[in-house]
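Asks: Chains as they are written, first to last, in numbering that gives the first Met the number 0: chain A, 0 to 304; chain B, 0 to 266.
No wet-lab data here; the hints were simulated from the structure. Warning: the hint list may mix true and false statements.
Just the calculated beta-carbon pair ranges, DEER-fashion [unchecked claim]:
| hint | chain 1 | residue 1 | chain 2 | residue 2 | range |
| --- | --- | --- | --- | --- | --- |
| 1 | B | 111 | A | 125 | 24 to 34 Å |
| 2 | B | 111 | A | 103 | 25 to 35 Å |
| 3 | B | 111 | A | 191 | 47 to 57 Å |
| 4 | B | 177 | A | 53 | 23 to 33 Å |
Pulled a few chain A residues facing chain B out of the computed Cβ check, cut under 7 Å [what the hints assert, rightly or not]:
| hint | residue |
| --- | --- |
| 5 | 34 |
| 6 | 49 |
| 7 | 63 |
| 8 | 78 |
| 9 | 80 |
| 10 | 115 |
Small disclaimer: the values here were computed from a predicted structure and weren't measured. Glycine included, C-beta positions come from ideal geometry on N, C-alpha and C.
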Amino acid sequence: MLAAVHLTRRFGQRLAVEDATFEIARGEIFALLGPNGAGKTTTLRMLAGLIEPSAGEVTLDGHRVEPGNAGRLRARVGFLTEAPGLWDRLTVRENLLTYARLHGLASPAVIVEQSLKMFGIADRGDERAALLSKGLKQRVALARTLLHNPDIVLLDEPTSGLDPESARDVRELIVTLRDQNRAVLLSTHNLDEVERIATTVAVLRQRMLAVDSPESLRVRLFGRRLRITLTGKAGSFIPALRESGHPDVAADDHTLSIATQDATRDTPDVVRVLVERGAQIMSVVPEEHSLEDIYLRLVREGTPQ
Amino acid sequence: MTRIAALVSKEFADLRHNPGVLLPALLTAAISIVLPFFVAVIVPAWTGERLSDSSDFQVALEIYRSQPEARTLSPEAAVQAWLFQQFLPLLVLAPVAASMSVAAYTVIGEKQARTLEPLLATPITTFELLSAKVLGALVPAIALTVASFIIYGAGIALFASSGAVRVLFAPRSLGMVFLLGPLAALAALQLAVCVSSRVNDARSAQQIGALIILPLAGLLVAQLTGTVAVTGRLIGIFTIVLATVNIILMRIGVALFDRESILTRWQ
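I would like the entire structure built from these sequences, with the hints used as guidance.
Replies: Laid out in structure tokens, this is it:
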């Protein structure tokens, strides 16, 4: 649907984004991760048609986005900027009404009222934006982002600085957007959030270091491993496991970590070998690496995977 | 047009919620209305001297009474009418000068409030954005000018010598208020918005915006000192020149408005 093809952006001598290629599909939550200054916001701005790439291109349904047709892209994209960006002196309703008109919606007042209800802020419609809490401002900004019913939604740190309840509301909304078959790009530092809702994860540090589903990234970076906890010391079982065809084995006190291509196939064999050697097994589980492990490894190594 | 109207409507809502912004314009307009009455009516009444008896006004009186609208006036009414007409540019330009700081702040203000990026993420074009910003300052300025003109006329009818008010309905007076004034205002405000979209802090915008008033003030001084006599022909020429300048300024404004550098380089 919306694709970045070898996207590069320079600001003078400084390279903000280099050769980033990825695609966001309908019904997908695409999480863009990266340290501060990695080029996430620049990438979002290029995808929203706000700034042009120095090289490469953004395509929408296969058509290249150019200055002449960027307006058409912007009509299909809802872009939640890092700051809510509400006009403080205007009321919530006036803020939304202005955007509904800017998008040329047929019945702006009706759509604004629907939006106020949908986001649970109907009773705050006549309050000035300046008087709202940060969470409410973000909710109004989200309502503004979705007023024109965009099929692509770009969210720049949507839960940053929100209290847990407000952050959960935003997360639920993002999942709803996915369920409505929209393409959602989420730029965030909140790895827990990404772990919970993202279907695809991309790690950017000027260059795109990896783009894949969280599970595929785990396998690519750490492989599939079994974690077996024993009642006694684990180290003495390593030779037996190696002899039985499991060369990649590591031990740590009572725990064994064994690489496997197919856990379903290998688990019975591993357990049999250990039991035959007198091991007393407490648990056998697939080894799970958190998204934080994946992220930190990618960012530290800094090489595309 | 819909998008321009949407943004202009937002600018008005902003003014409605923050009427204090208009206070300098209202004060300037009030002073520009009172000042001519002070010179033409209050001071002579206070001192008991008739303006038409003063040697300072004899030359002006002679020239002015050759004008069609002044031929039938009494000498005192003619001097007053001449003075009221001389102050007319002040009436036209004062609200514009006061609106200048609003216009100069308009783009940089959006940037500083971090409201510009969501705005630019809509399908609004640069032309629409700049037009709305200029109109947001121009319409109140013109409304204030018209209101000032009505109060000015009513004041002349009530307090000046009989017939002096006719001078306001002379073609050159009407041309100055309803043609030259709005066009000069449009040019000045366009320039202020251009400045606002190029500087990167609000203080610079307002300081440079204040400089734009200088040529307008110069025109006023030239008119008051008699260096420039605003005739119907001159108004016609200025109208054409200002209309052309406005078209050029809008093109320059659109060209200067660099969305990318506004989003990425301004702090």
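Asks: Each hint should be assessed against the structure and marked as holding or not.
Replies: These are the hints, each one checked on the structure:
| no. | hint | result |
| --- | --- | --- |
| 1 | B:111 x A:125: 24 to 34 Å | 26 Å, holds |
| 2 | B:111 x A:103: 25 to 35 Å | 28 Å, holds |
| 3 | B:111 x A:191: 47 to 57 Å | 33 Å, violated |
| 4 | B:177 x A:53: 23 to 33 Å | 50 Å, violated |
| 5 | 34 | 19 Å, violated |
| 6 | 49 | 6 Å, holds |
| 7 | 63 | 18 Å, violated |
| 8 | 78 | 4 Å, holds |
| 9 | 80 | 5 Å, holds |
| 10 | 115 | 17 Å, violated |
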